[in-house]
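Peer 1: Given chain A, put chain E in place with the hints provided.
2 protein chains.
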Amino acid sequence: MKAEIITIGDEILIGQIVDTNSQWIAHELNSIEIEIVKKTSISDNKVEIFKAIDLAKLNADLIVLTGGLGPTDDDYTKDALSEYFKSKLVINYDTLKQIERLISQRGGELNERNRNQALAPDNCKVIANNLGTAPGLWFEFEGKTLISMPGVPFEMKEMMVNYILPELKKNSTNVHIIHKLVLTQGISESKLAEKLEEWESKLPAELKLAYLPSPGIIKLRLTAKGTDKLMLDKAINDNINKLTKVIPDYICGFDAEALEEILAKALIEKSITISAAESCTGGNISHLITSIPGSSSYFKGSVIAYSNEIKEKILGVNNSILITYGAVSKQTVEAMAIGVRQIFNTDYAVATSGIAGPTGGTDEKPVGTIWIAVSNHNGVISKKFLFGDQRDRNIQRASLTALNMVLKQINNKEL
Amino acid sequence: MKAEIITIGDEILIGQIVDTNSQWIAHELNSIEIEIVKKTSISDNKVEIFKAIDLAKLNADLIVLTGGLGPTDDDYTKDALSEYFKSKLVINYDTLKQIERLISQRGGELNERNRNQALAPDNCKVIANNLGTAPGLWFEFEGKTLISMPGVPFEMKEMMVNYILPELKKNSTNVHIIHKLVLTQGISESKLAEKLEEWESKLPAELKLAYLPSPGIIKLRLTAKGTDKLMLDKAINDNINKLTKVIPDYICGFDAEALEEILAKALIEKSITISAAESCTGGNISHLITSIPGSSSYFKGSVIAYSNEIKEKILGVNNSILITYGAVSKQTVEAMAIGVRQIFNTDYAVATSGIAGPTGGTDEKPVGTIWIAVSNHNGVISKKFLFGDQRDRNIQRASLTALNMVLKQINNKEL
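These protein sequence lines are chains A and E, in that order.
With the working numbering as the guide, the letters of the first sequence map in order to residues 1 to 415.
With the working numbering as the guide, the letters of the second sequence map in order to residues 1001 to 1415.
Bear in mind the hints are in silico, worked out from the structure with no lab data behind them.
All values reported here derive from a predicted model rather than from experimental measurement.
Glycine residues also receive a C-beta, built at the ideal position from the N, C-alpha and C atoms.
Among these hints, one or two may not hold up.
What the hints assert, rightly or not - Subject to a maximum C-alpha distance of 30 Å in a straight line, what follows is the list of computed DSSO-like cross-link-like pairs (lysine-lysine):
hint, chain 1, residue 1, chain 2, residue 2
1, E, K1365, A, K97
2, E, K1002, A, K46
3, E, K1365, A, K265
4, E, K1057, A, K144
5, A, K144, E, K1046
6, E, K1046, A, K191
7, A, K46, E, K1219
8, A, K57, E, K1046
9, A, K219, E, K1157
10, A, K208, E, K1046
11, E, K1002, A, K57
12, E, K1195, A, K97
13, E, K1057, A, K51
14, A, K180, A, K169
15, A, K2, E, K1051
16, E, K1313, A, K330
17, E, K1208, A, K46
What the hints assert, rightly or not - Cβ-to-Cβ under 10 Å is the rule here; a few derived chain A residues that face chain E:
hint, residue
18, G15
19, S31
20, K51
Same shape as in the complex, but just chain A:
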């Protein structure tokens, strides 16, 4: 099956936002063997929408649209589709109920605009939007399928995952595509590629490897494609077993979406509580930990100590340590980890102190110098890292490295 993705919105054309929706959609469709032949971004404008659909149907069996379904006057997609497919707009009562539910939950009152969100073309299937007010629309025409979704990423994703992908899958062929993710931490992409060269060269033809790098984490995706599902499963598992022997120190998880989820499972399994003392990471470690539902069962809290005064006063870092070694030092970060663990009375504690940048570096301690410490009842260990010169990347890399240091310590691996 061939598909074209059309994203609608002036904010994409004027370069105000990066279009991440179409990447996500392409990736998901690909995983159920739908080939993307083209991606197009157009203005939120009836004529452009008509032209784009006319062009897309020449090459694609499936046309996926996002954007332009909002309640405001600059959103034209629904009207355009209704005109294109010669539909009548009628109230969809399931959608109206969902809108009423959402509005009342937010303590608001239903107005005309919200009510209009419940209007849908009478010749399409309406897809429930469980997280917002604009429903999805599914048209079948001339042997083709056109699906229109809101542009708000989390609404679109929920709709895709819970309804659209399973529906599309029903119609797909008997070719299986299996993806398996391996998360690595603490190694650069080029070094990783070097270490994996031999293993990769021996991969069987039905397996394909891809590198998915992001600050602090590089995911390896192994994709198997073929008709014999059992054989594909075996090929993937065998080769992942081999992989773990090649880079045992760098793998931090499998198939999970995020390191903080892997850590959450380990902490819950072993009934370990944790706290943090953050300087250069400025709250990001705590934010990552608490992004996981139920994190209050193992995370007691933390101190963001963005000044020496707080490191001393609240975390109990000795003034002489700060004066002698400075805030960005082994001595300070270890004292922070020990201090916060005592104050919060947790099994583990993690601490960071460094120079996130872009300024504040010296010859001895350049921007990107970051100390991380982990403490438990056995004592404290720490390690110095030299990341790059970009503030946001340094914060993210230091945070993920810190979480991985805790994870390794819990799993009794050497740091």
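Peer 2: Using the frame of chain A, we list chain E on its own:
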């Protein structure tokens, strides 16, 4: 001048990478008043390239291509262009010199593949690639311009900034496009649209309004297009003045990218220091504040109090308050804001306590119930919010609402 951007590469179509090149190019072209009418991503394949150029030239005066110029076997763009424009490929000696220089710098030796990189169509202008081996190509045809650049972001950007943009600017017409952003906080998209209905209906024809929603912040973008720059500036400013009178309570900034940047400027300007006590936001407020370079000049730190024990022990919230009113209450959140301000010795403090979800709600305090307090030397104020049922959105909305409450307090607006 109208332009289409075409990005070439399978890695975009299978969703392996997010296409950030086209966003950057769109933004830069827009800044020299070139309007992007379409963006297209296609496979690295001659037929697709031909079709894409044929379509683009119907609507655009300028066609910008990136990708497919690499030295490997899966790169077809140069051959495709040379066939499309009936060119002969000839050695470009400036390019060859640059390739030799780069290869020797990297300690390598010139091979056939590298040498072929120096081949260029004989009927185009060759654009030097100062950072890589694949040159850019500039064709003039049928009154149109087609520019092909490598897909490696830093090579492409260098070429654009140092050569292409200045050249295009020389030829640009006298049509001006001006964008102005207005940031709003604390109001839903549909309510905002309702409030703006009258104002919007009176906008002059040369102004266009767009809503850009995200969790916690809705940006309004006003775009003016025309030949008389002074008149456009005046029209935008006049209508933004009118807008501020329509929704004075909801505007939190202009043209800035993020609320934390606006707050940063206000704090620096008035020499105000700040700290935070976060429960349900779990460190995200601190993370947002410290994402801004130089935030250590006004942010001293915070306590993430994810358990009652910590609220009591570190923030000094009275045990009887926690027992009588619960952690999610006016009394607790105000005590947290007062406590952290005293401990951190800051001018302002902000505190949050709520139920981020997805579980933990009750009939009386459903998921999404969040209290926020701001304290300063005058005392403390607090407000209860009822957000939705999604954890990550609740955390983000509560964090931005908290920052905005501080900003309003600093600007002496009613909360």
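Peer 1: Going through the earlier hints one by one, which of them does the structure break, listed in rising order?
Peer 2: Checked against the structure, the only hint that fails is number 6, while the rest are satisfied.
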